[in-house]
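J.: Full structure from sequences and hints, please.
Residue numbers (full-length UniProt numbering), protein chains in the order written: chain U, 1 to 277; chain A, 1 to 638.
Don't read these hints as lab results, they were simulated from the structure.
Where is the CB? At the ideal position from N, CA and C, for every residue including glycine.
Watch out, some of these pointers could steer you wrong.
Derived list of chain U stretches under chain A, where covered just means 3 residues or more per stretch with a C-beta under 8 Å from a C-beta of chain A [unchecked claim]:
no., region
1, 126–138
2, 173–180
3, 235–244
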Amino acid sequence: MHEFALYGQVSRDDHHRTLQQLAGYTRMQPQETVEIHLVFKPRTPAGLDHLPSAGGSQGVMQQDVQKLKTMLNAGLFYLQLVGEVVPDKPKGTENDEDVAMSNGDGDHAESDRSADEKSAVRWSLDFKDTPEPGKQPVSTRLVSRISMTDGDFVRFLDNFGYEYVSRYIVVGSKFYDHDTTLFVHKVLRLSQISADEAVRDTSFLPNITELPELDGSGGYTIQASIDVVDGNNPELKERATRQLLALKEALKQAVDLTPGDRLSLDTRVPVTSTRTQ
Amino acid sequence: MSESKTISLLIPPEQDSTSQDLQVQIQKIVAQKGHFRHVTEQSLLAQIRGKAPGSKHNDPQGDGQVEPEEDETPQKRQERLWKSREEMLERLSYAQNEILCALDFVSLLISKQSVPAQHSMSPALKDAVPAGTLAARVLPAKPLSSSVQRRLASASQGRRLASFRSTSIKLSTASSRLKIDAERETEYWAQIADLTASGWAVSRLPRDSKAIGVHFGFPESAPQFRDRGFALLRQADDGAVILDKHPIQRKRKRLGVYVSRNNTKTAFFQARTSVQKAQPQSIGDQLTDMRDSLFEEELFYEVCREARIMANQGVTTRADSVDLEVTGGCQISLVFAEQHDSDVDATPDSDDHIVAEFVAVALRLLLNAAHQQNLVRRSQKPPPMTLKSRPLPEYALIRLILTHLRHKAEATRFWKSCRDLAKPFLQAGIQVSITPQKSTGNLFESLSVDHSSTLLSEMMLPAKAGCKVSLTEGRTMQVGLATFLGPPLYGSRYETSPVDFGFSHMPILRHETEGAAVSCIRRILLLDLVAHVETLVKERNIPPESEHGPSKHWKLAHPHDGEFIICESDEAVGKMKIAVLPESISIKWSNTGKGSASKYLIWTWTARGCTKADGTAVASQVDTDFDQAIDQIMKGSL
Numbered sequence: 001m002h003e004f005a006l007y008g009q010v011s012r013d014d015h016h017r018t019l020q021q022l023a024g025y026t027r028m029q030p031q032e033t034v035e036i037h038l039v040f041k042p043r044t045p046a047g048l049d050h051l052p053s054a055g056g057s058q059g060v061m062q063q064d065v066q067k068l069k070t071m072l073n074a075g076l077f078y079l080q081l082v083g084e085v086v087p088d089k090p091k092g093t094e095n096d097e098d099v100a101m102s103n104g105d106g107d108h109a110e111s112d113r114s115a116d117e118k119s120a121v122r123w124s125l126d127f128k129d130t131p132e133p134g135k136q137p138v139s140t141r142l143v144s145r146i147s148m149t150d151g152d153f154v155r156f157l158d159n160f161g162y163e164y165v166s167r168y169i170v171v172g173s174k175f176y177d178h179d180t181t182l183f184v185h186k187v188l189r190l191s192q193i194s195a196d197e198a199v200r201d202t203s204f205l206p207n208i209t210e211l212p213e214l215d216g217s218g219g220y221t222i223q224a225s226i227d228v229v230d231g232n233n234p235e236l237k238e239r240a241t242r243q244l245l246a247l248k249e250a251l252k253q254a255v256d257l258t259p260g261d262r263l264s265l266d267t268r269v270p271v272t273s274t275r276t277q
Numbered sequence: 001m002s003e004s005k006t007i008s009l010l011i012p013p014e015q016d017s018t019s020q021d022l023q024v025q026i027q028k029i030v031a032q033k034g035h036f037r038h039v040t041e042q043s044l045l046a047q048i049r050g051k052a053p054g055s056k057h058n059d060p061q062g063d064g065q066v067e068p069e070e071d072e073t074p075q076k077r078q079e080r081l082w083k084s085r086e087e088m089l090e091r092l093s094y095a096q097n098e099i100l101c102a103l104d105f106v107s108l109l110i111s112k113q114s115v116p117a118q119h120s121m122s123p124a125l126k127d128a129v130p131a132g133t134l135a136a137r138v139l140p141a142k143p144l145s146s147s148v149q150r151r152l153a154s155a156s157q158g159r160r161l162a163s164f165r166s167t168s169i170k171l172s173t174a175s176s177r178l179k180i181d182a183e184r185e186t187e188y189w190a191q192i193a194d195l196t197a198s199g200w201a202v203s204r205l206p207r208d209s210k211a212i213g214v215h216f217g218f219p220e221s222a223p224q225f226r227d228r229g230f231a232l233l234r235q236a237d238d239g240a241v242i243l244d245k246h247p248i249q250r251k252r253k254r255l256g257v258y259v260s261r262n263n264t265k266t267a268f269f270q271a272r273t274s275v276q277k278a279q280p281q282s283i284g285d286q287l288t289d290m291r292d293s294l295f296e297e298e299l300f301y302e303v304c305r306e307a308r309i310m311a312n313q314g315v316t317t318r319a320d321s322v323d324l325e326v327t328g329g330c331q332i333s334l335v336f337a338e339q340h341d342s343d344v345d346a347t348p349d350s351d352d353h354i355v356a357e358f359v360a361v362a363l364r365l366l367l368n369a370a371h372q373q374n375l376v377r378r379s380q381k382p383p384p385m386t387l388k389s390r391p392l393p394e395y396a397l398i399r400l401i402l403t404h405l406r407h408k409a410e411a412t413r414f415w416k417s418c419r420d421l422a423k424p425f426l427q428a429g430i431q432v433s434i435t436p437q438k439s440t441g442n443l444f445e446s447l448s449v450d451h452s453s454t455l456l457s458e459m460m461l462p463a464k465a466g467c468k469v470s471l472t473e474g475r476t477m478q479v480g481l482a483t484f485l486g487p488p489l490y491g492s493r494y495e496t497s498p499v500d501f502g503f504s505h506m507p508i509l510r511h512e513t514e515g516a517a518v519s520c521i522r523r524i525l526l527l528d529l530v531a532h533v534e535t536l537v538k539e540r541n542i543p544p545e546s547e548h549g550p551s552k553h554w555k556l557a558h559p560h561d562g563e564f565i566i567c568e569s570d571e572a573v574g575k576m577k578i579a580v581l582p583e584s585i586s587i588k589w590s591n592t593g594k595g596s597a598s599k600y601l602i603w604t605w606t607a608r609g610c611t612k613a614d615g616t617a618v619a620s621q622v623d624t625d626f627d628q629a630i631d632q633i634m635k636g637s638l
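T.: As structure tokens, then:
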């Protein structure tokens with residue numbers, strides 16, 4: 001599956017207005033979304049440090065070593081375990097009413113109440129590639145989303161060679177228009193705890209408003225994305241790009257949507273050598 | 001930051017009228033007193049001496065000039081003074097330049113006659129022009145004749161008058177045009193405000209900022225209908241709002257519902273007949289009309305779309321009608337036409353009118369529910385984009401209606417059969433009854449159809465009905481009936497709850513037809529009767545052996561056939577058979593003993609009464625009930 005995306009920024013003051021505009025544009029109420037993200041990092045292959053590092057006079061030897069090194073290091077990507085907090089049923093029916101388009105405080109109050117009852121979390125394993133290189137009108141990257149329903153996720157990932165690094169939470173509102181998902185969100189920081197607890201811990205959900213923001217200005221990021229079954233298919237690629245660019249044009253007055261910076265969307269583990277000489 | 005945001009409503013003070021600018025002051029003086037060249041010493045002296053107002057008039061101005069100076073710091077004052085001085089010097093040098101130019105000119109002019117004038121010429125002029133090259137001559141003024149003067153005066157006056165007149169005409173036409181325009185605009189916007197107030201959504205077009213349109217369609221209908229639900233509002237000559245012409249001229253078609261039995265139309269229902277008025281309708285009425293006809297059109301379109309996939313269930317599609325086969329003989333036609341033929345052969349006591357109304361109203365409500373479901377679906381994450389376009393699924397409209405109509409017909413038939421079954425039991429005085437029951441809780445647990453929580457979610461579920469069969473000895477049984485025209489049922493199904501009779505246990509049973517279900521109930525009733533008789537027999541069998549040595553006793557032989565035998569020292573001498581028939585129950589007793597002649601006795605209970613057939617004689621015995629009959633048989637046989 002491929003993801004075509006455009007990104008933009010919404011300042012704190014503009015947030016409510018943007019939500020209103022998007023609600024009008026997509027003819028639907030915003031869908032409040034809370035996602036817990038657990039970041040997992042792959043362990044570097046054990047023997048990597050034993051390879052001779054760069055330098056030295058044997059140029060021929062070095063080429064082979066370099067090749068081997070890139071082969072071993074390639075495909076080391078961060079993985080994320082994303083847990084979507086499923087809103088409770090009564091909240092869903094409330095959204096049908098016209099007054100559901102409330103401001104930020106009201107939304108949080110709703111999520112407060114829903115979290116008091118037992119909130120369910122839907123986990124999925126997310127892999128995102130680095131966006132494709134080259135100057136392109138929209139960011140394209142390979143993504144994979146596997147829903148995880150049962151089992152010990154941490155042990156599973158551990159056996160796969162991934163270890164837990166940290167966690168954070170993403171809150172925001174989603175809109176859907178045809179195939180496009182518009183997600184206005186911001187990142188909140190969570191206290192760091194051990195991996196096993198992180199999967200089970202939902203104690204912070206009742207007071208989401210009190211969590212510290214990653215971006216101190218309180219700004220939001222807007223992501224317009226289309227998931228495509230096969231992004232290499234030229235027809236689908238063209239259709240998705242066209243749809244996103246049309247959206248960009250339509251929302252030109254409200255928010256500036258641009259392809260993301262490729263390097264800042266990089267999900268690879270940086271190649272580092274722990275061995276010091 | 002906060003200060004910069006607030007906008008002060010104070011009007012900024014006007015610039016000081018007593019401007020310090022020398023040029024302005026000079027101009028003021030010129031305006032008040034005339035040119036400086038008219039100022040003579042005498043006039044000034046006269047002014048000082050006699051004309052007080054002039055001098056007084058000057059004083060306050062002077063005061064005004066002084067007053068602000070008092071507020072100033074000495075440094076500022078000095079600066080201002082220096083500035084004024086510089087300005088004054090500049091002016092003076094300018095004036096000097098002018099004067100020298102004038103002197104040059106005059107000198108050049110008179111240099112021809114007077115030599116000393118040549119000396120007053122500037123050297124630059126002397127170089128440029130030789131002296132005495134300019135001469136002057138005074139031309140005598142030629143007096144115009146009075147007639148010419150008069151003519152000229154009247155011509156100029158007439159000219160001025162004509163121009164005034166034309167200007168006044170132009171101005172008055174402009175003002176009247178503006179007035180009409182203002183009225184038009186007022187009228188237009190007032191009407192648009194009325195439209196908004198009465199609930200229509202009025203908006204501008206993103207592409208054409210001048211055009212204004214009104215949304216009268218349904219935002220969640222299929223795209224081809226959603227896009228048509230918008231009309232531009234134009235302005236008529238008198239300012240009234242009119243709708244764009246072309247959507248109005250569509251033909252108004254409506255969906256009418258006919259119910260026919262045995263090819264005779266028995267009922268008709270139409271949502272609301274619009275009265276075609278001769279006089280122009282109001283804009284709101286026009287919009288309502290357009291909305292209704294759009295809705296009707298969409299409804300018929302969706303009904304046709306659904307009818308195509310339901311062709312296997314007795315639904316026929318024609319160009320402008322869809323026929324639904326409810327049950328044998330009963331048919332519902334949905335006809336989409338401009339004019340409906342509303343005369344039908346109505347039978348007074350039938351509820352076909354209610355059926356027609358139900359179908360018409362339910363179809364419209366279901367389409368609204370489908371719209372609501374569309375919104376719910378749209379508010380969920382879309383699946384990834386694929387090459388195949390995702391078709392809009394057919395709405396469940398006539399499926400649900402047919403489900404309920406067929407369910408009703410099925411339930412009516414079933415209930416009638418059940419009542420027929422129960423009547424003989426009532427006559428026979430056996431405590432067996434069949435009563436309808438609202439919900440059959442534990443039946444059809446397997447039948448779960450997922451549905452979204454919309455307005456009419458009750459109607460999306462399979463239609464269910466049930467009845468409770470109370471048997472003797474406190475035994476009860478539930479019978480459920482469910483109808484659904486989709487997977488997994490595709491029709492009707494019956495379920496009966498388990499019953500235990502001691503000698504026989506009936507598990508949960510499922511039946512596909514009404515006949516099978518009724519015969520199953522009959523069977524259960526038979527088993528119940530057998531169980532009932534068995535308990536009676538046990539009571540009677542207690543005192544047998546004490547006096548009459550080898551005794552006779554009754555024994556249950558074939559419970560499923562309802563057969564008891566009477567044994568005399570392990571030999572069957574008589575047999576009693578109980579049967580439950582569709583409209584009657586009977587006991588047949590026969591003597592199969594070896595010695596005596598065979599003898600038959602048949603008791604029969606129907607809904608009307610009881611008959612006893614003894615050999616060849618048939619007697620009607622109204623008051624005998626089942627238990628008494630059993631007693632008699634047992635007494636006679638024992």
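J.: A separate judgement is required for each hint: does it hold in the structure or not?
T.: Cross-check of the supplied hints:
1. Look at the region 126–138 of chain U against chain A: 0 of its residues bring a Cβ nearer than 8 Å to a Cβ of that chain, fewer than three, so the hint is violated.
2. Only residues whose C-beta sits within less than 8 Å of a C-beta in chain A count toward coverage, and the region 173–180 of chain U has 5 of them, enough to reach three; the restraint holds.
3. Only when three residues or more bring their CB closer than 8 Å to a CB of chain A does the claim for the region 235–244 of chain U stand; here the count is 4, and the claim holds.
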